[in-house]
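A.B. asks: Protein chains in written order, with the working numbering: chain A, 1 to 155; chain B, 156 to 490.
Worth flagging that the hints you see were computed from the coordinates, not collected in a lab.
What you are looking at is a predicted structure, and each value in this text was computed from that prediction instead of being measured.
When the alpha-carbon atoms are kept at most 25 angstroms apart in a straight line, the in silico DMTMM-like pairs for lysine to aspartate or glutamate are as follows:
(1) A:Lys10 - B:Asp376
(2) A:Lys10 - B:Asp354
(3) B:Lys315 - B:Glu301
(4) A:Lys8 - B:Glu477
(5) B:Lys449 - B:Glu424
(6) A:Lys116 - A:Glu91
(7) A:Lys16 - B:Glu398
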Amino acid sequence: MASPGAKKQKADERAKYQRLAASIVPKPPLVRNMVVAFVVGGLICTVGQGVINAFMSRGMTQDEATAPTLATMILIGSVLTGLSAYHHIGEFAGAGAAIPITGFANTIVAAAMDFKREGYILGMGAKMFIIAGPVLVYGILSGVLVALIRWLYRG
Amino acid sequence: MTTKRVGGSTIVYSTPPVIVSAATVAGPKESEGQMAQWFDELVPDDMFGERTPEKAERRFMEDAIKIALGSARVLPEQVNMIFAGDLLNQIITSSFTAEGFGIPFVGLYGACSTMAQSLTMASAMVDGGYADLALAVTSSHYQTAERQFRYPIELNIMRKSTSQYTVTGAGAALVGRSGGKVKVTEATIGKVIDMGIKDPNQMGPAMAPAAADTIFAHLADTGRDPGYYDIILTGDLGRVGAEILRQLMAEKGVPLGDNYSDAGILMFEGVRGTGVGGSGCACSALITYGFILKRMCQNEISRALVVATGALMSPISWQQGESIPCIANAVVLET
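The whole structure should be built from the sequences, with the hints applied where relevant.
C.D. replies: Next up, the structure:
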């Protein structure tokens, strides 16, 4: 195979090419993306605030209203995904659509819809958390770690 | 014995086979573009009335074969072999479709370069006398490719500035000894080239060096310059990859002129939501067997160099952090 000299030459060629490619690849429109993500993400959160206010106006406390509000937002995200609408919002707004809980619902429903064709057990059941899985694993893990630190501090 | 090769990697068919008939079947988004006028069948439903996109892709391929055989008035029994490939694991579209026709089958995998790869092989079999009629077929489907290589269809994902859109459709060419206007005269088989691009959203930049290598090898083998061809078409580099290819060829001292275009760019010109252009096996197949072949039959162009480009990674290889090896295969079509 290649001698050390040839290897070095190949690495140099690759580095040179990657610089050329990077100079031609268009830069993502960061300012546009951030503004759109802020506005769309903010709108979704405003809807969430409206929902929680509605629950509280029916006499719930803020603590009581949190769970039904989350469930409502998950329902909205799931239904929009099922209607093939949510990915358009995601394509337009990026993180603005991905970060709120509606985006989290979208990752699960989108995977469930896709893998349903391989059956309810090996397909949907096994793979609906293929995107959301890491969020759950590391979300729960960091929750436990933070709780542990707090417990060590405060006893 | 007469040699049927020039230079290191170019096949010269001694009795150039002809494309007896060809067929293109295009999906809904492909039907929106300016290229739609050149396709034989436009399918408004990308699911083709089927339950799964994988079945739908097979319907596209099946129709392409049926139309190609029908317009040549050839029965499946008269075809000696079929060379086919697609993007799915174990190339299920090709093998499942071939089962329905009962034609001896050779499955190929060249990712999106399969169009040129299959046409090269079919032509070699006909020229070599091993087949009287051979089919070269390929297909791709937006939904099956997304599922295979990327994410679920309904996932909220923002396209990157270099993202391409997989073409839904299929193309088939029936190659024979006589009875067609367009000849397959030469083919240049590409080397696998990996310049270290790791981002699967950068197919164009990953494949451009392979295209440059094959075009350069072809021109060196044959002693020609790019101006010899009425059109030089790359398969699916997209706008970004095509621009990089122009730079690479200029650096090598053989700049590409106005006769250069990319099938991915042509496919989706003016179609919204398709990133920097089309990709997939069907991209080069639809443009070559539709746009180029039909214009050759109408005497608008007489020499075409089709360079189908393919990225040979798998979801496993890129998840393991490997860069993307790529290939480009070229075929020469002449009237």
